[in-house]
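Chemist: Residue-level listing of the chains:
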Amino acid sequence: MPEKNRFPYGREVQVPKEMEGWEEMYPAHRLFSAERQEWEDANFWYGDKIHAPDPMVPLDEVFHQAWQIALSQHTTRVFCIPPAQGIAHRMLGCYLYITAIAPPSGDVIQAKAEKFGARTFPVFEHYDELWDQWRTRQQGLGRELLALKVPSELPRFVPDFDSATTIPNAGPAQDLIEAFNNAVNIIYRGWQYHFSYLNVTYLSYLMFADVARKLFPGISESAIGKMVAGADVSMFRPEEELCRLARLAHTQPRVAAILKSDRIAARKIESLRELDEGRMWLESMEEIKDPWFYVSCGSGWFHYEGSWINKLDVPFSYIKGYVERLDRGERIERSLSTISDAREKLLGEYRKLIKNDDDRKSFEGAFKNTRTIYRYAEDHLFWVEHWFHTIWFEKMREFGRLFVKQGVLNDVEDFFMFNRLEIPALIEDLATSWALGENIPTLKWADKAAKRKKILEAAAKWSPPPALGVPPDVVAEPFTVMLWGVTTERVQDWLAGVSAKPGDTNELKGFASSAGVVEGKARVLKLLDEIVTLEQDDIMVVPNTNPAWAPVFSKIKAAVTDIGGITSHAAIVCREYGVPSVTGTGTATRTIKTGDWVKVDGDRGIVTIVKRANGHAEPEASIAQHEM
Amino acid sequence: MAYVLGFDQIDKSSLPIVGGKNASLGEMLKAGIRVPPGFAITTESYFELITSAGIAGEIQTILSHVNPDSVPSLDHSSEQIQKLIMQAPMPTPIRRAIAENYEKLCEMCLIDDLPVAVRSSATAEDLPNASFAGQQDTYLWVKGLGDVIAMAQKCWASLFTARAIGYRIKMNFPHDKVLISVGVQKMVRSRTSGVMFTLNPLNGDLSRVVVEGSWGFGEAVVSGAVTPDRFMVDKVVHEINERTISAKEIECIFEPGKGVIHSPVEAERQTLPCMNDQELIELVEIAKRIEDHYGRAMDIEWAIDHDLEFPENVFIVQSRPETVWSQKPKLSVLGNKSGYELLMEKALAQIKLPT
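Protein chains in written order, with the working numbering: chain Y, 459 to 1086; chain W, 20 to 374.
Derived from the structure by calculation, the hints contain no laboratory data. Be a bit skeptical, because a hint or two may be false.
The list that follows gives simulated cross-link-like pairs (lysine-lysine, DSSO-like), each with its CA atoms no further than 27 Å apart [said to hold, decoys possible]: (1) W:LYS347 to Y:LYS672; (2) Y:LYS718 to Y:LYS984; (3) Y:LYS912 to Y:LYS863; (4) W:LYS347 to Y:LYS819; (5) Y:LYS803 to W:LYS349; (6) Y:LYS803 to W:LYS307.
All figures in this text were calculated on a predicted structure; none of them were measured in a lab.
When you get a sec, could you build the whole thing from the sequences and use the hints?
Modeler: Laid out in structure tokens, this is it:
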């Protein structure tokens, strides 16, 4: 048992026996290691409940591998936020731990300070042109990934070719090897792009929030968010496209009737194909599918969440709802002008409260900068986590199908059971076996995948410690502050041993994202498919939401999410609908059970389980005890 | 000049003849703020009373002999003057004017002998620079013309409490420059009442409305007999940022025969919030309207009626300019920095964590 003023070190943590072999699933440099013990012990690591609340599937870890480099580099080497360093990772027992590295020496801070202003300030002056460039570049990269050719099989013989006029090409095995390497290069590059302006955006937001709190000491995070949040950002386009398709259908009674029926999407499409106007409607849908249906049904971080393009029942169920609302004469679109008028009114009222002329000028300067760049926080999300990741997952499934076809794996999804550094070995093993001739065995990859699925199941039942090591003195890293909410209070909670075991707490803290206090019955939805179970006035408890979830907000009494700050999609939409919400609780979907009676305090960011569905509000016995 | 004026006939320009409280009620009514209906007995009536009774000169003589450093001297003069005023016969034209207005109020509320609050409203009271608050009297649950007139005279007499006399002498404020009008207002049957400020009185933050309330009449809150419930609401987005529900053990209620008494609150009601969110937000919206109307931070007394339906149950009883923060110069909190300077400052900041 470690001392009281610290958490266990990574090397001291024991994982359950059923998880034996978990280390193999992740690259060695991402594990705690004796070689780096001194440095690792000197840092304070905490579980990344925001992006990696579940045990990490090996191939889905690729995004984390990429962001460790990309995020950190933009802070330390690109925009040079003076005292901030990067965020380091370690995998422990299938869970991701991260640490914000302590500030560097004074002369490094000094050198970075000179770069910071020179590099950052021009971004605000030219953001609009830079954003256009950014989007064009990101779209180009996505198209490149989309265009990558993955052989659908390794044929008995390479296709016939005119051996009189052409020299043999490298062949499908080499194509396969290159396709994966290229895909990894592209995803890594995309994650570099992800952070182009995100660090500066978050820093600017934090600056503006400080300014607002100095001027209006009692102001809530949610009110600050309302001042800077944009409504006309890419993340809302998918929903807008659905509204447009619904309007189109509404003008064609036969199309509307099909879309309103209770059949699955595939059947509806069949019926639509039989009608002229149905085919026209389908064409309109096809035209906007890329990019606007490339939206994850979850956060975009996990392959198993799926996206609209491969779960068409999701967008079709929304279209059904929209068409029905149009039948009732309701308005279905968000009114951008109403939203922006409301924001201007709110801003005007706060402005009026500043009575000092100097402060008014400073506020305008701070606001202008933040408002200019803040939309990046919402725009990048669609183009990276949704569109780009959807392309990636689909591409990875193409590899999976090949491995199933070649008899190396049993299931397409098993491809995700191998990390991105192992897959080249997997591919080489297959390519070798194919090249060598007939009946050459590969390693038993399918068995390995099966074993790993068992390890992940065991990991899901295990409660890892919330943090590792000794808490630091100071933090300067903007993501740590903004996304993970590292505050005095939060660290004290961690130190007090507040962990995230299901059932061991009746109170959850998160961001006060949308004001209001309500009580009601909780409905825990892990995946979008489950929204059919949602009843009127439920309190929706979800990992997070995105525009794929939009139509549910008029039905619910409050929303609670694991992931997301005060400008997350759930937060924005809840504020628009006047529905209270607490976001970024980290563990709500595990702590709260469907049927629990919960109180959501959107003013203070607190969710309380008033009465458990099993009849008592007392904490349940915890499933497992960890060291502390 | 009129002896009696309805609240709907007066506004802030009427202050010299109806006093601060009444003028402010008239002004609020004009601004569309819900105040309990009533009327003002003007300072002219007071003049007429002391003139027709022939006691004005006597009062001046007594005052000129007061020794402000001697408590017995202050007490003695106070007693003499108050007796003179109380015993002076109310001139018939004033009595008639009060009777007409009181009857009109009774008819309007469809209640005979309508219970009213009778309050003094001094012309020097509630001025931004001279808080004379608490120096004059309020009488609750007054019923019938006779009692209304008697209480009005008592209000006038209260201009000459020992404390008020001493205070004016000390502040070098001429006695004859402070005149009293009397407000007669329908009694709100307060389920809940209290005070609110259109800024955070702790730090002067203008973006907050702070509401304090408790069960029953506001006297319990104003006098500090209970720790009220306290709500802090964002003035712009109407979020309730702080909500402190206290154990409210005492409430001021009216008991026939006994008047307004302090009464224990039953245990289960003590810790219930004294208002719901809808009522709270209504109060905040009214507070904003009053602040906008006056163009300055305000200190407002309010009540929520027991019987009426929302929102007709929410009344403003009083409002006056906030005097503490409003007089402080608004110093810069951001240090005259540009947007970029602020960003640089933030970029250099580190968060100190507990070790």
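Chemist: Now tell me, hint by hint, if it's right for this structure.
Modeler: Results for each hint:
1. W:LYS347 to Y:LYS672: Given that 27 Å is the threshold and the Cα spacing comes to 17 Å, the pair holds.
2. Y:LYS718 to Y:LYS984: Holds, at about 26 Å.
3. Y:LYS912 to Y:LYS863: holds, 24 Å
4. W:LYS347 to Y:LYS819: holds, 21 Å
5. Y:LYS803 to W:LYS349: holds, 24 Å
6. Y:LYS803 to W:LYS307: Holds, because 15 Å separates the two Cα atoms, which is no more than 27 Å.
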